[in-house]
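S.K.: So the chains spell out like this:
There are 2 protein chains.
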Amino acid sequence: MTTGHVFIATSVDGFVARKDHTLDWLAKKPGVEGEDGGFANFMDSVDGLIMGSGSFRTLLGFEQWVYTKPVIVLSSSLTGADIPKHLQTKVRLSRSSPKALMQELDQEGWKRAYVDGGKIVQSFLREGLISDLTITSVPILIGEGIPLFGTVEADIDLELMHSRQLATSMIQTTYRVV
Amino acid sequence: MTTGHVFIATSVDGFVARKDHTLDWLAKKPGVEGEDGGFANFMDSVDGLIMGSGSFRTLLGFEQWVYTKPVIVLSSSLTGADIPKHLQTKVRLSRSSPKALMQELDQEGWKRAYVDGGKIVQSFLREGLISDLTITSVPILIGEGIPLFGTVEADIDLELMHSRQLATSMIQTTYRVV
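As given, the protein sequences belong to chains L and P, one line each in that order.
Taking our numbering as reference, the numbering of the first sequence is continuous, increasing by one, and the terminal residue is 178.
Taking our numbering as reference, the numbering of the second sequence is continuous, increasing by one, and the terminal residue is 356.
Keep in mind the hints are simulated off the structure, nothing from the lab.
Treat the numbers as computed from the prediction; the structure is a model and nothing was measured.
Honestly, I wouldn't trust all of these hints.
[As the list claims (entries may be wrong)] The calculated lysine-lysine pairs, modelled on DSBU-like cross-linking and capped at a C-alpha distance of 30 Å, are:
#, chain 1, residue 1, chain 2, residue 2
1, L, Lys119, P, Lys197
2, L, Lys119, P, Lys206
3, L, Lys19, P, Lys297
4, P, Lys289, P, Lys268
5, P, Lys297, L, Lys29
Can you build the whole structure from these sequences, using the hints too?
M.R.: Structure follows, in structure tokens:
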């Protein structure tokens with residue numbers, strides 16, 4: 001089946017966005033030219049993205065659509081009318097369960113899916129659909145927001161694959177789900 | 179004034195203990211002989227410890243009392259009768275506010291206090307009484323428990339001091355509170 005892979009930035013207190021999905025706290029941290037934290041390589045490795053409506057709305061707020069690979073938005077509330085015209089070949093809505101979606105994508109030939117956004121990562125983790133997570137920890141505490149992790153039915157053991165300090169003073173760690 | 183320093187292990191999802199204060203998830207991870215993660219050096223650097231009643235009760239459950247330095251338990255519910263006889267020279271109760279306590283300790287000559295336990299760390303952070311945090315991230319997701327961090331009045335900026343991979347496959351990162 002298609003495997004799920006997470007590549008995400010969190011505050012040190014574990015949030016991927018503020019409650020209103022904004023990322024201003026991340027933008028506060030200075031970037032370093034030529035340092036993308038391995039994001040381009042990661043993007044090259046996946047067949048497309050899976051995200052929720054919250055992440056999708058955040059992306060729509062950016063000046064440009066940032067992804068060249070296909071994006072699947074898992075949502076029970078959005079309809080085709082919510083997808084701007086210029087994105088209709090790039091973005092697809094789905095109401096499938098995480099497992100059913102991964103099976104559909106497998107049949108379409110996807111090997112690896114980039115699973116993005118707090119709630120979606122949590123539901124895919126709970127269903128055992130995530131193979132690994134690369135978490136880039138941003139040196140700030142924001143106190144509240146959308147957490148990367150949520151409750152789990154039983155402990156999930158992780159295996160540390162590697163960890164490195166980026167030029168941006170962020171710590172990037174990759175864990176394999178055991 | 180006395181400065182506060184945190185040295186603590188958390189699950190990757192940010193918990194310092196399960197809801198009932200147990201640390202079985204931490205004990206599941208194999209130790210490595212001779213690797214204390216810099217704990218002895220850190221202990222040498224502080225004049226004593228400040229913790230809450232939850233951490234104190236957890237410590238009382240261990241076979242031996244592990245600390246040689248003085249321990250202050252911040253609690254509005256415990257009384258002298260809750261301190262076992264053999265610890266009465268080692269453990270002191272206080273009902274002071276975090277700031278008042280740090281002022282008292284300063285007058286007693288404490289330069290550095292080890293501030294321990296989720297709730298206590300959160301209240302000292304909110305009062306601006308923590309200088310740095312060394313967080314050892316344990317590769318497991320436990321889903322719920324006592325979080326290291328809580329709400330804050332405003333973003334707290336951190337500065338990455340150093341990060342390293344321990345022989346135990348844990349990632350230990352030290353942040354200075356800016």
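S.K.: Each hint should be assessed against the structure and marked as holding or not.
M.R.: Hint check results:
1. Of the pairs offered as hints, the one joining L/Lys119 and P/Lys197 holds, with about 22 Å between alpha carbons and a cut-off of 30 Å not exceeded.
2. Using a Cα cut-off of 30 Å, the hinted pair L/Lys119 and P/Lys206 holds, with the two alpha carbons roughly 28 Å apart.
3. Taking the CA atoms of L/Lys19 and P/Lys297, the gap is about 22 Å. The hint holds against a cut of 30 Å.
4. For the proposed pair P/Lys289 and P/Lys268, the alpha carbon gap of about 18 Å is at most 30 Å, so the pair holds.
5. Annotation: proposed proximity of P/Lys297 to L/Lys29 holds, straight-line Cα distance about 28 Å (limit 30 Å).
Violated hints for the displayed structure: none, as all numbered hints are satisfied.
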